Structures are given as C-alpha cells and as structure tokens.
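> Sequence:
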Amino acid sequence: MAAPLSDLQNEVSCPVCLEYFTDPVTIDCGHSYCRRCITLSWGSAGGTLTCPQCRRKCTKTDLPRNLQLSNLVEISQRMSQQPGDSVDLCERHREPLKLFCETDQRAVCTICDRSREHRGHAVIPIEEATEQYQLRFTATLERLQSELDTIVSLQSNAKKKSAEFKIKMKNERERIETEFEELQELLEKEKIHFLSKLEKEEKEILHLLNESITKLSEHMSSLNEMMTTIQEKRKLSLVQQLEDVKGFLSRFKSHTTEKPTQVSAELSNSIYSFTKELVLMNMSAKYSGACDVGGGPGMEELRIVLFDLTGDGTHAALNTLLGREDGLKYESKMGQCTKRSCVRDGRRLALTELALPLDIEDFKEECPEECYKCVTFSAPGPHAILLVLNVGQTVTEGMETIAFIKELFDNDEVLQRHGLVLLTGKEGLKGQTLHSYVLASGAALKDLIGGCGGRHCVIRSSARAEERAREGSEVMGLIVTMLQLRGGAFYTHEGYEEIEEKLLKSLEVVKARYNEEAKIEEKAIQRQYEDLMKDLEGEKDSAEKTKLIEDLKREMSRKLRESERKHQTKLEGARAGAEVTVAAALADALAAEGCQ
Numbered sequence: 002m003a004a005p006l007s008d009l010q011n012e013v014s015c016p017v018c019l020e021y022f023t024d025p026v027t028i029d030c031g032h033s034y035c036r037r038c039i040t041l042s043w044g045s046a047g048g049t050l051t052c053p054q055c056r057r058k059c060t061k062t063d064l065p066r067n068l069q070l071s072n073l074v075e076i077s078q079r080m081s082q083q084p085g086d087s088v089d090l091c092e093r094h095r096e097p098l099k100l101f102c103e104t105d106q107r108a109v110c111t112i113c114d115r116s117r118e119h120r121g122h123a124v125i126p127i128e129e130a131t132e133q134y135q136l137r138f139t140a141t142l143e144r145l146q147s148e149l150d151t152i153v154s155l156q157s158n159a160k161k162k163s164a165e166f167k168i169k170m171k172n173e174r175e176r177i178e179t180e181f182e183e184l185q186e187l188l189e190k191e192k193i194h195f196l197s198k199l200e201k202e203e204k205e206i207l208h209l210l211n212e213s214i215t216k217l218s219e220h221m222s223s224l225n226e227m228m229t230t231i232q233e234k235r236k237l238s239l240v241q242q243l244e245d246v247k248g249f250l251s252r253f254k255s256h257t258t259e260k261p262t263q264v265s266a267e268l269s270n271s272i273y274s275f276t277k278e279l280v281l282m283n284m285s286a287k288y289s290g291a292c293d294v295g296g297g298p299g300m301e302e303l304r305i306v307l308f309d310l311t312g313d314g315t316h317a318a319l320n321t322l323l324g325r326e327d328g329l330k331y332e333s334k335m336g337q338c339t340k341r342s343c344v345r346d347g348r349r350l351a352l353t354e355l356a357l358p359l360d361i362e363d364f365k366e367e368c369p370e371e372c373y374k375c376v377t378f379s380a381p382g383p384h385a386i387l388l389v390l391n392v393g394q395t396v397t398e399g400m401e402t403i404a405f406i407k408e409l410f411d412n413d414e415v416l417q418r419h420g421l422v423l424l425t426g427k428e429g430l431k432g433q434t435l436h437s438y439v440l441a442s443g444a445a446l447k448d449l450i451g452g453c454g455g456r457h458c459v460i461r462s463s464a465r466a467e468e469r470a471r472e473g474s475e476v477m478g479l480i481v482t483m484l485q486l487r488g489g490a491f492y493t494h495e496g497y498e499e500i501e502e503k504l505l506k507s508l509e510v511v512k513a514r515y516n517e518e519a520k521i522e523e524k525a526i527q528r529q530y531e532d533l534m535k536d537l538e539g540e541k542d543s544a545e546k547t548k549l550i551e552d553l554k555r556e557m558s559r560k561l562r563e564s565e566r567k568h569q570t571k572l573e574g575a576r577a578g579a580e581v582t583v584a585a586a587l588a589d590a591l592a593a594e595g596c597q
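Each step along the sequence shown adds one to the number in the numbering used here, with nothing skipped, and position 145 is 146.
These are computed hints drawn from the structure, not numbers from a lab.
On a predicted model such as this, the values are computed, not experimentally measured, just so you know.
We put the beta carbon where it would ideally sit given N, CA and C, even for glycine.
Be a bit skeptical, because a hint or two may be false.
Restricting the straight-line Cα-Cα distance to at most 30 angstroms, the calculated cross-link-like pairs of lysine-lysine (DSBU-like) are [to be verified]:
no., residue 1, residue 2
1, 340, 427
2, 447, 365
3, 546, 560
4, 512, 571
5, 234, 340
6, 447, 169
7, 334, 503
8, 571, 548
9, 524, 535
10, 447, 162
11, 160, 447
12, 554, 524
13, 541, 520
14, 201, 190
15, 407, 447
16, 334, 571
17, 365, 503
18, 160, 171
19, 524, 560
20, 524, 541
21, 340, 365
22, 520, 548
23, 427, 447
Distance ranges between label pairs, derived from CB positions [unchecked claim]:
no., residue 1, residue 2, range
24, 342, 521, 39 to 49 angstroms
25, 521, 429, 52 to 62 angstroms
26, 155, 499, 50 to 60 angstroms
27, 201, 486, 26 to 36 angstroms
28, 208, 186, 31 to 41 angstroms
29, 342, 486, 22 to 32 angstroms
30, 302, 221, 43 to 53 angstroms
31, 155, 342, 47 to 57 angstroms
32, 559, 499, 41 to 51 angstroms
33, 360, 577, 26 to 36 angstroms
34, 559, 215, 44 to 54 angstroms
Using the sequences and the hints, build the whole thing.
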C-alpha cells in the first residue's frame, strides 16, 4: 500500500516546488504545475515561454484550472491521513520519515530531501541516526546517574550533619540556660547583699547627720538664750548693768561651741567602692564581655599569660591590652619572656608574654629559663592564658606549641578552663564576620577554640586609640566574665605552690635587706638635720633664723619622702628579681637532671 500511495503522491506533486499541487493547471505540452509556480517561472524567463520540463514552446497564457488533478490531490491527501501501520509521517507531505537531516537536526521524508529547503544538507537513514543518538543518550544517562548518586550522598551527609548539629545546639542551649540560671542566682544573691550593704551605709550616715543636726539645734538654742540674757542686761540702768559685770561676761567668754561630728570619709568611700563592685556584676550579667572592667574583691591583680604563636614576634595584643596613649607601641622579642604591668579600669594588670618560635623543641632545649619564667612571672597562677594567632594563619603549625603550653602548666584542661584565642589582623576578614571566618576555617582552628571553651575574639593589627581601647575592653570583658563564672579563681597546681613558697622566702630576705637599708638612710637624713639645727642654736632669734629652720624642715621632709619612694620602688622590683632568680634555678635543676 505504501508504494502505490507514494507513486500517487509523486504524480500529484508539482515538479517545481515538489509539494502537492496548489490550484493545478496544464500547459500546451501536457505537463501540469501549480498556477503560482508556472507563472513565476515564466515571469523570470522573459521573451519566449517554454515548459520547465520538456522545453517546448507554449503560446497559451490564459491557463484553465485542471479540476481532475485538483481532485486527485485531495484524494491523495485523504489517503495519507488514513490510519495504517505505525509509521511517523511528514506533516507536510504525509510521507514516512525515513531520513534524518543532520544540518537541521530533524527527521524528513524523501520528498523533503529533494526539496530546496534541504538541498545540500547532510542526510542519513533515520535508523542510523537513531543508533548514534541512542549511544549518546546512554552515556548522558550514565553521567547524570553518577551525578545523582553524588547528590544523594551529599544530601544524606547534610541530613546527618543537620541532625548532629541540632543535637549539638540543643545541648549547647541547655548548657547556656543552665549557666545563666546559675549566673542569675548569683546575681540575685549579690543584689540582696549589696542592697543590704547600701541600707546599712545609709543608716549609719543618716544617724551621724541626724546627731549633727540635733547638736547644732542645741547649740543654737544655747546661743539664743545667752543673746537674750545679754539684751536684757543692756536694758537695765547703768548701775545695774555694772553690777558683777566681770563675772557676767566671763560666763559667756568661757562658753565654747562644740563642733558637730563630721560624716566619715571612709563611709563615703565605702559607698563608692560598692558602686564599683556593681560595675563588675553588671558586666557578668550582660555576659557579653564588651563592657568596662571594674575592681572586684579578691581580684585586685589580674595575671595573664600571653603566648604569641604568630611566628613573627610582633602583634597588636600588647598594645590593645596594656594600651599606650603616647603613640608608641609595645613589641615582643622572639623567644624572650617578658613581664609588663599597668593599671586598667582600677585593677593592676600583670601580663607575662612569650613570642614562641615555630621550632618549639629546639627552643625548649636551648631556652628552658625563658619557659620557666612564664610560670614564675605568673605565680601564684594565671587568671587567663591567651593564644595569639593571625587571621589566615595555619593553626596546624601551632599544635605542637599547644601541647607545649599544656605540658608547661602540667594540665591538659588548663586551656579549657582558662584559655582564650585572640586573633589579630581583623582587617584581613574583609567584611566577613568572625563567626563565618571560623566556620570556613579548618578543623584545627575550630578544635583550638573548642579547647579554649569556645572563647575567642578578634582585634585589629593597627587601630586608633579609641578603637584600641574598645577592643581592649572586649578582651578584658571576656576574661573577667570567664573568671566570674568560676568564682574568680585563678589556675594553680602543686608546682605553682612550691614556686610561690620559694618566691616568698626569697622576698623575705630581700625585703629585710631593703628595709634595713631604708632605715640607715632615714637615720642619716635625720642626723644631718639635727647637726644643722645644732649649728643654729647659738644664733640669735630672728626672722632669718626662723625662715632657715622652716627651710631645713621642708628639705628634710622632701628627702624622707624621696627615700620612701625609692624604697617602695625597690620593694616592688624585688618580686620581679626573685621571679627571674627562681626561674633560673628551675632551669639549672632541669639541666642537672638531664646530665645525670
């Protein structure tokens, strides 16, 4: 059926456009064309009209429509549309799609292949094209399946991590709630304590003031009575006024007004100290570490050990914590332990700092004294241990140093309880939050921060005074909050207790010597003054002598004050000297053990 139908379709197709006849006409030679096709063909030829197929001359231009051929076209089209075998047909020619045009990337029939539209195109049998593309489909499906398997695996891991993260967040939330409940309980107790203290101070001061007011009122009444008596005396006659006038006036002359008791300055200072304690408690309540650090009972001195792990020996931590308003900058020296101190927010800050080299093993062997200084300088124990890193620094290189720090303080949990990671170079974050930076960093940094109880912050390498002060308060806030949650306790162990005992013994000897030297100097000053005063005893009293004596007294007082200041300075430096001495002794003992 397909072959006859194909022959019929060929007969009812125009030889010019190769499609079904549209308004077919027959010319003189008997060949048929679409009216439009033959008209266009003759119009482009010009002159003599010929048949496009046989080239015979044609004289007739008024061509009638070939009705029979037109009917055959309709019949052929209907036959092509009748259902038959399951074969895809060309929409235009109703022919089976046996070919594939690679140029246009679509299936075509044999009539389309001969048309102008596909002339010169690369055409292959549709079976061959199907086989080629089936191979491509298979390869593409395999690749997509592989990608799908990967995505499914990633999704499974993400779901697993999500579940683990939710559990972790639940535990963390419970921990935070528990800590804040304990903190709130502590604050409530402190609130009651401080209010009670304030009420007591108020009662004492008001009692003194009321006593003073009462005494002043009594004195006012007494004075008014005496003034009234004198006024009445003046109203008497002259003779009566002069009677016993001396005795009368002597009674008033001997009367003195007792001054009322003043409010003690110590009580006022007590209230002031109480408000300073409140500052510290407010800071703990906020739990943000970003407020000012005030004084507190048992925390007059804050001892901090700072380990510089940056490897370059310089950092912004010293300038931020100690602060300098003179424009100068602190700078650490590689492998050398130093101790600096300052008064910050009403508290003495003692900072022991050591810039550690990357080769920690050689440093431990070559400089044991510097290692022990970290311990002796921070005796009887540090309140906080700061690990300084640079933003972008590879933490894996410092893990050996972390092990050294734990060994030095003889406790694997020392950083968990008292550690804090301080990152310098905030500029390097370039707008990224610290939280995002830590999350994007390797596991080593996260483990290090986790090993320090999650405590970490970042500061700029170079900052203006105002910003440096703010960042310093943030760091100090974190430290003090950590201590408040632990009752203000600093880290210590048996080794620290032995070191502190040695330091105290050494200090007793040094202080005894310094005190003896101070007494000798004081006696020498007093003896010099006494000798000068003896030289003046033989001179007559005069204004010049009086002035000279006063000058000598002032000079002696000045020298005694200067001697006392020197003495106090030597006493303050005595501990530093003892710390160095004990550190050297420990290093020598270690070396002696190694030689045995």
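> Can you confirm whether the C-alpha distance between residue 512 and residue 571 stays at or below 30 angstroms?
holds, 9 angstroms
> Between residue 447 and residue 365, does the CA-CA distance stay at or below 30 angstroms?
holds, 27 angstroms
> Taken at face value, is the distance from the CA of residue 365 to the CA of residue 340 at most 30 angstroms?
holds, 19 angstroms
> How does the Cβ-Cβ distance of residue 155 and residue 499 compare with 50 to 60 angstroms: does it lie in that range?
Hint holds: Cβ distance 56 angstroms, inside 50 to 60 angstroms.
> Run the distance test for residue 334 versus residue 571: straight-line Cα separation, threshold 30 angstroms.
Measuring from Cα to Cα gives roughly 26 angstroms; hence the hint holds.
> Starting from residue 160, check that the Cα of residue 171 is at most 30 angstroms away, please.
Roughly 16 angstroms between the alpha carbons, so the hint for residue 160 and residue 171 holds.
> Are residue 571 and residue 548 close enough, with their CA atoms no more than 30 angstroms apart?
violated, 35 angstroms
> Against the 30 angstroms threshold, does the CA-CA distance of residue 201 and residue 190 hold or violate the hint?
Holds - the C-alpha atoms of residue 190 and residue 201 are around 17 angstroms apart, at most 30 angstroms.
> A range of 43 to 53 angstroms was offered for this pair. Does it hold for the Cβ distance of residue 302 and residue 221?
Holds: the Cβ-Cβ distance is about 51 angstroms, inside 43 to 53 angstroms.
> Is the Cα-Cα distance between residue 407 and residue 447 30 angstroms or less?
Status holds; Cα separation ~18 angstroms.
> Do the alpha carbons of residue 524 and residue 535 lie within 30 angstroms of each other, as the hint requires?
holds, 16 angstroms
> Is the hinted range of 41 to 51 angstroms satisfied by the C-beta distance from residue 559 to residue 499?
Because 44 angstroms falls inside the window, the suggested range holds.
Consistency note: the structure conflicts with the earlier hints numbered 5, 8, 13 and 24.
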